[in-house]
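The listed protein sequences derive, respectively, from chains A and B. 1 is the number of the first residue of the first sequence in UniProt numbering; add one for each residue after it. 1 is the number of the first residue of the second sequence in UniProt numbering; add one for each residue after it.
Any given hint could turn out to be false.
Partial chain A-side listing against chain B, Cβ under 8 Å, derived [unchecked claim]: (1) 68; (2) 252; (3) 261.
Rather than coming from a laboratory, the hints here were simulated on the basis of the structure. Note that the structure is a prediction, hence the values are computed from the model and not measured. A virtual CB, placed ideally from N, CA and C, is assigned to each residue, including glycine.
2 protein chains.
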Amino acid sequence: MSVSSFYPPQRTLMGPGPSDVHPKVLQALSRPVIGHLDPLFIGMMDEVRELLQYAFQTKNECTMAVSAPGSAGMEACFVNLVEPGDKVVVCINGVFGSRMAENVVRSGGQLVRVEDDWGQPVSPDKLEDALKAHPDAKMVAFVHAETSTGVLSDAQTLCSLAKQYDCLSIVDAVTSLGGVPLYVDDWGIDAIYSGTQKCLSCVPGISPVSFSDAAVAKIKSRKTPVQSWFLDQTLVMNYWSGNQKRSYHHTAPVNALYALHEALVQLQDEGLENAWQRHARQHQALRSGLEKLGISFIVDEGCRLPQLNAVAIPEGVDDAAVRSRLLNQYNLEIGAGLGAFAGKVWRIGLMGYAARDENTALCLRALEETLQ
Amino acid sequence: MSVSSFYPPQRTLMGPGPSDVHPKVLQALSRPVIGHLDPLFIGMMDEVRELLQYAFQTKNECTMAVSAPGSAGMEACFVNLVEPGDKVVVCINGVFGSRMAENVVRSGGQLVRVEDDWGQPVSPDKLEDALKAHPDAKMVAFVHAETSTGVLSDAQTLCSLAKQYDCLSIVDAVTSLGGVPLYVDDWGIDAIYSGTQKCLSCVPGISPVSFSDAAVAKIKSRKTPVQSWFLDQTLVMNYWSGNQKRSYHHTAPVNALYALHEALVQLQDEGLENAWQRHARQHQALRSGLEKLGISFIVDEGCRLPQLNAVAIPEGVDDAAVRSRLLNQYNLEIGAGLGAFAGKVWRIGLMGYAARDENTALCLRALEETLQ
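Only chain A is shown next, with the shape it has when bound in the complex (with noise of 0.2 Å):
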């Protein structure tokens, strides 16, 4: 065996992510390593958890970056906030929603299942009505942008009902962060997370996540340990938090969190308002451009999200056979569909740094021509 240094090629991103990554970011990934515990990079953590409270729009003291991707965010917040026989109502639209569903039953809760079809948003009235028949249920959990079927649900409403029946509401922000309008304290959600390899325009790997005092409230009073010592935010924050002595908990992916650092400035430098706007604008570019092709949405108007692009796949083309051609001839990367979509659906990203002019455009003309 003797295996060479591997160089990919250079894509365009514009699948479920991970997508575009902004090339000071990867500028960033690659500076010199220091130690987790030096001076300067305890420094540098308290700033990306000041712009990591910008991003998230909280004064959430205890906002940090959980040291893998997503799906430990999820996890994170699932096994910190319950305990063994709580019950939580889970509002399932698709793939993440069932994994939530699968977390709480893992971390030993009660789960009760709302459910609506793939392609809709969550509905608050079916909420409600279950809210209505578990009046000892302690915490509602959704996800805000769901990445399987490119979907907006309504945090607001639905964290307002959470509140109204005295429940903790815990966000799946992942594919929303940065991409579309959230506001964690106005909307009182009481934890969140999100991964940086979507809107963030960061490489894959890490999760931000925040969480309300009346959520570390609930952490603190646990009675039984959390069961993962890795994500046990006790621990965590011992690490993260700026207002006692660091104690060593794990060692950080110091470069992820240089990256993640420099993602955060370019959307600082950018401002929250004018990446959401720049998010609509690139969705109504390829929108038109779709619908010129004869290509539909999957999703009602009013609630697509702009970041993510879920079209049927045009009748008698083959869906494998498309996507790799854009792939092999244009570099190009579109998303699969997931789950009960595959092979029905298209997943087309604009997602951070991929949601640009020269992406869309060629998006649209590869795809025309693909199509041909």
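Position chain B relative to chain A; hints supplied.
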């Protein structure tokens, strides 16, 4: 608030990790992102698995990289192998043995502790006594190279005892992999985890793991689901395994895996035995220099780790002041003592790319000037 880009200084990292990273690894880290299901990426993952098999000296099919730091690799071994009620003997001679014990408890296992003093290797006699006293034990866990104390334990003897008493073995090789001889198959290790930021000369954030056929059989015959969805090897294997259609589990940390691939290519090109010898050689040079400075090792010669030199802080020397001067004046990081050794011990790492003549020379000269 306005945060600027972060530019870390160029440090020489001679603590307990992260250690110096090979420049080619940093270059690989910032190559263009491609999709985690891109055929070219899948091909690279296959190479990572092959290269890890070489590094671990194993033919285990179930060899892969956990998408999170070594602590998560540890947790992956315990949550997958330990079912509620399983009795696990954990040998503890430092911080990381204690962390293993914590993992057994959180996985619902019955913990049997075998303790040795900090600075001592794990005693095979004590382990055998415990195995005789607990004939129903199902697993034995220990740390090959204790990062908190700089001690090497005799993994071959400990694993053969485990086998003799019908137990699976779980081995922490975070600091040993690439730095000292380690033969997973020959020694009969059933589950092993490591980290990228020690002797592999790679950035922190990923954890190589490997499971024997017997370990995989135990995982597949579980009566209860693995409590962690993120670390559930029965799911992760479907993404890493080359024998079937890849199924999406979580988004792989693409760039971190580029870096690991390159680090393993470097190890392959140097040759494992040569890497072990390089660590041994630098250790001898550091040792003779330290002895001239009147600094003595706290670990007996027969079980010292070449890659992590735990030495007594000389009488009357201000621990924090010395480390701070080394860091600020020489850009040199050495490690503080952990737990019971805080304030009493320095840990000088010679790990991976840090095990070079120039590092040893800098460290000895800077210590000499600082202690004058």
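Here is what the structure says about each hint:
1. 68: Status holds, d = 4 Å.
2. 252: holds (7 Å)
3. 261: holds (5 Å)
The structure meets every hint from the earlier list without exception.
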